[in-house]
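These protein sequences, in sequence, are chains A and B. For what it's worth, this note's numbering labels the leading residue of the first sequence as 148, then goes sequentially. For what it's worth, this note's numbering labels the leading residue of the second sequence as 3, then goes sequentially.
Any given hint could turn out to be false.
[Claimed, not checked] Derived SDA-like pairs: lysine to any residue, alpha-carbon spacing no greater than 25 Å straight-line: (1) B/K219 <-> B/L43; (2) B/K219 <-> A/T163; (3) B/K241 <-> B/R22; (4) B/K219 <-> A/L177; (5) B/K241 <-> A/R202; (6) B/K219 <-> A/T176; (7) B/K241 <-> A/R201.
If you are wondering where the hints come from, they were derived from the structure by calculation, not from laboratory data.
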Amino acid sequence: MTASLAMGQYGFYVWTSLAVFIVVLLVDTLAPLARRRRNLRELRARLARQENRRRPGTAPRNEPNP
Amino acid sequence: MANWVPLWLHRLGSPPVFYRFAGIVRPWALGLALVLGAAALYGGLFIAPADYQQGDAYRIIFIHVPSAWMSLFIYGVMAVAAFIGLVWRIKLAETVAMESAPIGAAFTLITLVTGSLWGKPMWGTWWTWDARLTSELVLLFIYFGIVGLYHSFEDRRQGARAAAFLVLVGAVNVPIVHFSVNWWNTLHQGSTVRLLGPSHIVASMLWPLLTMMAATKCYYIASLFGRVRADLIASEGGKAWVRDIALADDREAA
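Isolated chain B, as found in the complex (with noise of 0.2 Å):
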């Protein structure tokens, strides 16, 4: 590989060069999220057809399945950041970790709320503790208890390894929401789209599934970003760069 790439890597991660580089991708990023997000609402809820069993409430999953997507795909890039800010001590990657719990936590409330509104009508109760349902309600108190964590010490950076600690142990919760539909015996369906062989759903029913998936995934690049701005401010507080950007802004504002 040409060795441009590991060096870029390497200057990305020093924070005012980040700080710069997710100010210019941020709004880009939310703004293809807006874009396709509105897409595939359109197509999801007005477009495809209703489902021959369940009407027009199977509409919920063009929101409850990405959001679920998400609330796995987001631990696991999660995990992979604070596994390196542990082994290298890179504080970016501490901080991309801690940042990106309150996502995961966000996107995990949506899956269990909506489920639960999916729930009602189709399933006749709000709420059952079967595998599914309660493994994701574990995920959501893991990522409530690393941001906890993470926030409970003075120093921010032993904060972040205590966290990032938690992050790697509740990991094994990720592949037990993943399976619990195929391990146990439940009240939830199945998976609808396979990575691997042939989704079972129509085609006019995947696109904006799929074109939802990509939304949340720019979402999510968007609300880290924005986050890991915000806590580089904080905890670079005292370095020239950041009082440089303070003085900035306030000429601006002047």
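Chain A on its own, in the form it takes in the complex (with noise of 0.2 Å):
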């Protein structure tokens, strides 16, 4: 097992490679997941605010606006 591990001489050269397409497909898959929660929120926020100013000192309501 760990002769094959050690891929010959080239264990560097062959595990990099791997450690190289996992990083960045992970990159790929998290960022857009982080960037829809990020807009999601935003989006909410700028709804409360709204609510808020369609009926001031009431505390923001999350319902659709009518």
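These two chains come separately, so use the hints to put the complex back together.
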């Protein structure tokens, strides 16, 4: 097992390649998920502000504008 | 053809319908990509025999070649979507084209870095300015240019249209990358796997390669759908269906 993990004398090149492959795709997967959550959060904040402007003084309520 | 097919495609082109569809398909595509990718890596790194000339260094092929295929395949999908978006002004097609570019850039980057890591022990150099390597580097810059142009406009659709033109112009580079090993004298080896005619590879090395190809295809679907969902939330933020999603998520979180 350790012999096949060493990849002959080329362990560094093979395992670095694998690491690059995994890290780049991991970033590519996670970035849009974070972007979607951030956009939804900003949208909720904007809706709450609009609600507050429409009926000043009341606590922001989460319902679609009529 | 039965007319429910075009009808279904037409409905799928509507952002809220596609958002839901993509949300259902994405986890399955990602799961399939992980299973296939793990099988391919196990087969490629541990089961397949060492190469008679390159020893174990050749095992980089199981990452490098599927990534290189994807760097060109994604460009093809992006070009078709950009063309549809430009001609028929279908918003979803523009979004698919624009959100494909970062994934294509990711695979092109992987191709260049793993190629470099393969070149050092085999060729004795990290980099050489030959046709295959240079045209693949140009491909990376084209991807960067598309992403940059899309985000440099205040109006997203205007940005998407400008970048879609760049996609179509940049498409000339795709056949150059593909045929560069035949057209020019290069350090890079020729194609190992052929669609037409026999492949120059033994079966125990071929199946991990093809399995990884399927895994990267599934990964592309998963990543694209995740990105399109994020893009639609941002660009359709003023519409009722996105507001409903934002408020429904809020209730779930509360």
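Hint by hint, here is what the structure shows:
1. B/K219 <-> B/L43: Satisfied, since the Cα-Cα distance of roughly 15 Å is no more than 25 Å.
2. B/K219 <-> A/T163: holds (22 Å)
3. B/K241 <-> B/R22: OK: B/K241 and B/R22 at ~15 Å, within 25 Å.
4. B/K219 <-> A/L177: It holds: about 18 Å lies between the C-alpha atoms, which stays within 25 Å.
5. B/K241 <-> A/R202: holds (21 Å)
6. B/K219 <-> A/T176: holds (14 Å)
7. B/K241 <-> A/R201: Status holds; Cα separation ~19 Å.
Violation of the numbered hints given earlier is absent; every hint is satisfied by the structure.
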